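Participant: Take a look at the letters that make up each chain.
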Amino acid sequence: MIDVLVIGGGNAALCAALMAREAGASVMLLEGAPKAWRGGNSQHTRNLRCMHDAPQDVLVEAYPEEEYWQDLLKVTGGMTNEKLARLVIRASSNCRDWMRAHGVHFQPSLSGALHVARTNAFFMGGGKALVNAYYRSAERLGVNIRYNAQVTDIELNGGTFVAAHLSARDAEGQRLPAERIQARTCVLAAGGFESNREWLREAWGQNERGEWPSDNFLIRGTRFNTGVLLRRMQQLGADFIGDPTQAHMVAIDARAPLYDGGICTRIDCVSLGVVVNRDGERFYDEGEDFWPKRYAIWGRLVAGQPGQQAYSIIDQQAIGRFMPPVFPGTKANSLEDLARQLKLPVAPFVSTIQAYNAACRVGTFDHTALDDCRTEGLTPAKTHWARPLVKPPFCAYPLKPGVTFTYLGLATDATAAVRFNGQASPNLFVAGEMMAGNVLGKGYTAGIGMAIGTAFGRIAGVQAAAAAGFITRSSQEPQHAAV
Amino acid sequence: MQLFDPKAPGTLIPVLNLDESEVQRQMTVCNACRYCEGFCAVFPAMTRRLEFSQADIHYLANLCHNCGACLHACQYAAPHEFAINVPKAMAKVRLDTYAEYAWPQAMGTLYRRNGLTLALASGAGLSLFLCLTLMMMGNLFTAMPGGNFYGIFPHNTLALMFGAVFGFAVLALAIGVRRFWRNVSPVEASREQTTSAALEASANVATLKYLDGGHGEGCNNADDRFTLWRRRFHHFTFYGFMLCFAATGVATLYHFLLGWSAPYPVLSVPVMLGIVGGFGLLVGPAGLLWLNLRRNAEHGDEQQKPMDRGFIALLFLVSASGLALLAFRESMALGLLLAIHLGLVMAFFLTMPYSKFAHGIFRSAALLKYSIEKRQPNPINAASD
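Chains as they are written, first to last, in the working numbering: chain P, 1319 to 1801; chain Z, 139 to 523.
If you're looking for bench data, these hints aren't it; they were derived computationally from the structure. Mixed in with the good hints there might be a few duds.
[What the hints assert, rightly or not] To give a feel for the contact side, a few chain P residues facing chain Z, derived at Cβ under 8 Å:
#1 C1582
#2 G1638
#3 M1641
#4 V1644
[To be verified] Only pairs whose alpha carbons sit at most 30 Å apart, straight line, appear in this in silico DSSO-like list of lysine-lysine:
#5 P:K1401 x P:K1611
#6 P:K1709 x P:K1649
#7 P:K1392 x P:K1611
#8 Z:K230 x P:K1353
#9 P:K1353 x Z:K443
#10 P:K1649 x P:K1661
Model, not experiment: these values are computed from the prediction. Beta carbons: idealized from backbone N, C-alpha and C, even for Gly.
So here's chain Z without its partners, still in its complex pose (with noise of 0.2 Å):
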């Protein structure tokens, strides 16, 4: 909803919702007390503004890890009257932003109940794969020789398939983060500060700078103890994402360059590359999720929950499945292992623009700003006379 606004004929003002007016209202009292500068990136933003517009609230709660470090040292936090917990007002607007951000716009919605979208579209991935396998085999119980899946599928259909569904999500990714990069305020800066920050931003990016707590010790997870599991954990999912990735990555160029045809053997760079990642994959969501099951209860917004753990769970189970079939590739549970895999990647792709996979790409977003940001002079003096 917008206001027009009297004094600038024109521009429309941006009318809060109840999430954005309540991260308005917490960093009011925040901006007043800053005991949690050394903690992380969203404290220092804060003191840079006086007043917090819906881009600024947008641009920090994406900035915010939900580390949960300044809601155990505040002294303003529930039972106190001004009931401070920023980790979890930041949560309810960055979901907002999600919605608001995504591309198209109505897909938005699939936000809402993320955790039913992820079962539906697992769902609709393994019965096409399923269906799929049945009308071209007859059977879900195919061996083939030297496991050989592309007798099943072949290489080009499945290039294709999942090519054009990873084309869109990567668009539909792009342009919601477009579109939240020029939401929130740009700033003017040189070609050497913006080389300096994107390198900034993508080391803090690659360490997950800000879980580990402003001292090294971690993030808080059960209570107001440190732990550095979290990001230890994150680490194992990103980077074992990103190993399975380089896997395909690397399985394309030997197609289409070399000409050399999966399956390849086990002591090759792809299904290396595919048995490392899938072992971090497997790794790190299963920790994550230990992790939020002694989740603080006040931290973030509970009702995100379906969406963080479907989300963990796919990626799982994404993983399980791939190292299931090259375990059983050559024996009768090929198709079937052959099917479910395909089917829960297909879900993943689907849905990459519309689940909690978009974090990684509106926080790297936030910390590019906030590294750009830093680097200009303040427009604030507060007290610093």
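Excised from the complex, chain P in its bound form (with noise of 0.2 Å):
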């Protein structure tokens, strides 16, 4: 019999099998999607937040513990829990020699990503190229890994796992037949349920509009995310943790792919203009803070406009100042004529830009600092960045909710074991975005993701060999696990 059992093939599967193989363990990963697709939202991903006291290869200047736990809770406005939050943060700053060992590359900052030269590091090549680096590692080491291997269903004894069950599925051309895969113990790492259009309706409900605003998102994240497994230990009364509309979510290029927009879908100019709903109104500060502390909030403020959408305007002055978005602008040389190529109501749209330029109060612009250029007396106020749109062509990028991932997971401990009733299932643990909600219950902070699923699942590994009966040193003394 197989001793781990891992399911999923994303960035926390991966750490889990691998730790899990060099404890000693023999390992099967069950990866649902085919061998072009694997990875979930790993591949999307670019970097991973990490504490330092000191400089350290690709990171500058220091960042401690208590500020990247600060900067946590802020986000998160409390709903985080700050054992396993500073257990992820610790983790962070001594799993990269492990990383690098595995094969993983890292870079410095990204042109356009310098903010976060400090406390991020960057893998080369992002995220796929990490994933590659992984599945390479983990078939050196004799991890089993099977492509096409959707688990349907987890088989219980109690609150012990007994096998997982895989529906008879078509894959690649190929009918494959039903399976059960019996193992000592297992680690669920399979993702969230973001690309599930029925879950996100349920979520998401009906407004008072009576539109269903989850049928306008888009999915940034992995088509193959559908929650099947998360669905199924919520009916196997797993604990949970986490509300289903708490998403990283972000204001993306309303053409973006329904599936796998990635990075690129992204418009970075909100806080160099103004935003409109489709009625021609702003509804919201542009230029509350900076805009890498902003992007993750206009998925859900979009999401509350009428139709889901927005557009982000801006004039010629923003153009070279933001990262270039991945398909063109619409461009005019009069506020009229954009509104008419952006099917908005001109006058409204019209009005709302003179109301905006009137109230500016232009001092010093400056990008780099919350500069002293505001609205004044507008509803809704632009406190920094403010500059009139005068100057042509005016330039319009259309906004729809762009989700990444969900937080709704299970709940779990210091050894990511998953829980029935209270009580830590003795050889079923989880990792990744199935859990990530423990620590990040909402908001969002660049590489927060990746360092979660690092660290779980890291633990996760550790704890499902130390069950099959592989002890190691770090097995004993779990708080230390990913140290």
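From the two separate chains plus the hints, produce the assembled complex.
Facilitator: Okay, structure coming up:
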């Protein structure tokens, strides 16, 4: 019988598989996606938020534990578990040598992301390069890797894992039979439910306008995170944590693909101009804070607008000052023409911009600081970087909410155990998006998802190996499991 | 093809062809992603631009070493609907640039069926020297005392023939690369900047910096694993070629300056250089061909394989025939081996400006431009705020 069965094929699953294999256990990894799509959302990631007390290879200055914790506390508004959060933070300070040993390369912060050069270590080539390195390492170590292997059911005996079930399925032109795979222990790391349209619909419901907002969401993450296993664990009575509407959600280009839009679909010019909804009205302070600190709230803001649509409007002064978008903007030499091209009501749109322009109190424009360019007497205000939109051609990008990953997940503890009625399972563990909600109840800060996935993936792997009889030094000290 | 620009009378806007448009499309996706910035020079050069003109596209295409790293790391590679494959898109444009900048321009069409071009040139070279040998000696199996091949073809005849062909090749390549250089939006740089840029670019060429993967583990060949063997076999080929070239150079100096005539003994400088270089020029091309046969089908442009393999094979044969000539120069085979070697060398020289050989020249120029460009302030300040 297999010692450790890992369900999932992204960063957390791979970390668990590698750690369990290193502890001496025999390991099988079941990736639901075909090989070409392997890696879950990890293929779209680019960095790891790392605690460090002094400069470290690609990381500049210091990012101490307390500052990291305060940052997390702020973005989650307290919806976090301090013990588990600190476990993740400490693990992030010393997991990189292990990552390197498995072939991951780091590089200095990318151009256009210099604001995180202190806090985040970037993967050379991004998350797919990391995923490739881990798969190569897993193959070399003798982990049995299977693709097109989506688990649809978990067989339990009380709170004890017995076997995983795969339904009969069509994959890459082949009919694959149903299977029952037994193992001594199991790690669940199969991602959230962001690509399950029905579940999103159920979670977001119908709004006061009679719309089903989630029908207009685009998914930046993997098309394979349909939450089948998450749903099944709910039905099996596992303890859950989190709100199903909470997710990493940003405003992305409305023309992005329905799934797997990834990083390039973002629109980074919001703070340089104004954002209007389909009625041509502004609805939020575009200059509230630096864009990297605000981009993650705009998905929900747009989700609250009629038709879940909005338009980021800039003029010539902003060109070249933000990351180039993947799709061309709509350009016009007059506001009226722009409104007509966007099919926005012309008069309200023009009057919104004129009111904004008239309210701008331009001081010294400085996009690198919370500058003194702001509006006066305008609701909602624009509190920084407010410059009148007067220099044609004007340019507009259509926005929609883009979901990267959901936060609803299994409640867990420092041993990454799945819990039933408050009792830890002896041999079933969880990692990655399926439990990220324990640490990240809402909000987001760059690189935290990979930090949680790496820390808990490694803990789950060690604990699963230990539960199968492969005790290592670190498995006896769960708090230091990833240290 | 060019379009009239109504905003700037007198200026024509070049219209992108299909291959160039594809690079433009892909670079727009890449510029919004930038995950691959650490791999090579293409992506940092890309981030200095918001739009990609034809000149930029030609420049980026020649900067690309077709290492494959960005393809295997790409979240937008097929089956993703964006179908990003930068090495392939760049390879297609690169071939277009060799053809377009070739001098005389009409000869650029030789790139369209380059495997055939090389085969025909080799056939012509071989026929020429076999016939000449027959004309001179009446047979193909002549031994000469001490392996004195000048007994078959006098030194001055060979020097004139090969000098003229080589001179033409150098001229054609120089004109081609000059046109390329002028077209790729030149930048103003100070003398100090140009000097340090030239040093850096030379080092990048000499070490094949951009086949190291950005992390030193090498580039991709068959799959997402890294290998340093493409770089090593290229080094064998390049330095082997340079040593053979040096052997010819030293021999020419011996002849004209010191009055020492070939054939030289095995332990002389020209022959030793030739032996070592010839060995490199056997191992390198053989290794490159071996890798090429195992190359991931998604890397580069499948249709260019005849050009690549033809060039590799020609280099291998030049070297093999040269070493065979050395080994058997005192036997009856001298006449035949000499004709074969000279015929292949002639084919190589004739096709230099119209074969894969040009890639080294255009890539070096692109690397120099990159080294100059990166010393200038970045005109785009995207999101470094």
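Participant: Measure nothing beyond the straight line between the CA atoms of P:K1709 and P:K1649; if it is 30 Å or shorter, mark the hint as holding.
Facilitator: Holds, at about 12 Å.
Participant: Mind checking the CB of P:G1638 against every CB in chain Z and telling me if the closest is under 8 Å?
Facilitator: holds, 5 Å
Participant: Need the status of pair P:K1401, P:K1611: alpha-carbon distance at most 30 Å?
Facilitator: holds, 24 Å
Participant: Do the numbers back the hint for P:C1582, that is, is its least Cβ distance to chain Z under 8 Å?
Facilitator: holds, 4 Å
Participant: Given the hint that P:K1649 pairs with P:K1661, test it: the Cα-Cα distance must not exceed 30 Å.
Facilitator: Within the cut-off at roughly 13 Å; holds.
Participant: Sort out whether P:K1353 lies within 30 Å of Z:K230, counting only the CA atoms.
Facilitator: Holds, at about 27 Å.
Participant: Using 8 Å as the Cβ threshold, decide whether P:M1641 counts as touching chain Z.
Facilitator: holds, 4 Å
Participant: When you check the alpha-carbon spacing of P:K1392 and P:K1611, does it fall within 30 Å?
Facilitator: Cα-Cα ~11 Å, so holds.
Participant: Given the hint that P:K1353 pairs with Z:K443, test it: the Cα-Cα distance must not exceed 30 Å.
Facilitator: Holds. P:K1353 to Z:K443 sits at ~27 Å (cutoff 30 Å).
Participant: Would the hint on P:V1644 stand, with a C-beta cut-off of 8 Å toward chain Z?
Facilitator: holds, 4 Å
Checked against the numbered hints given earlier, the structure satisfies every one of them.
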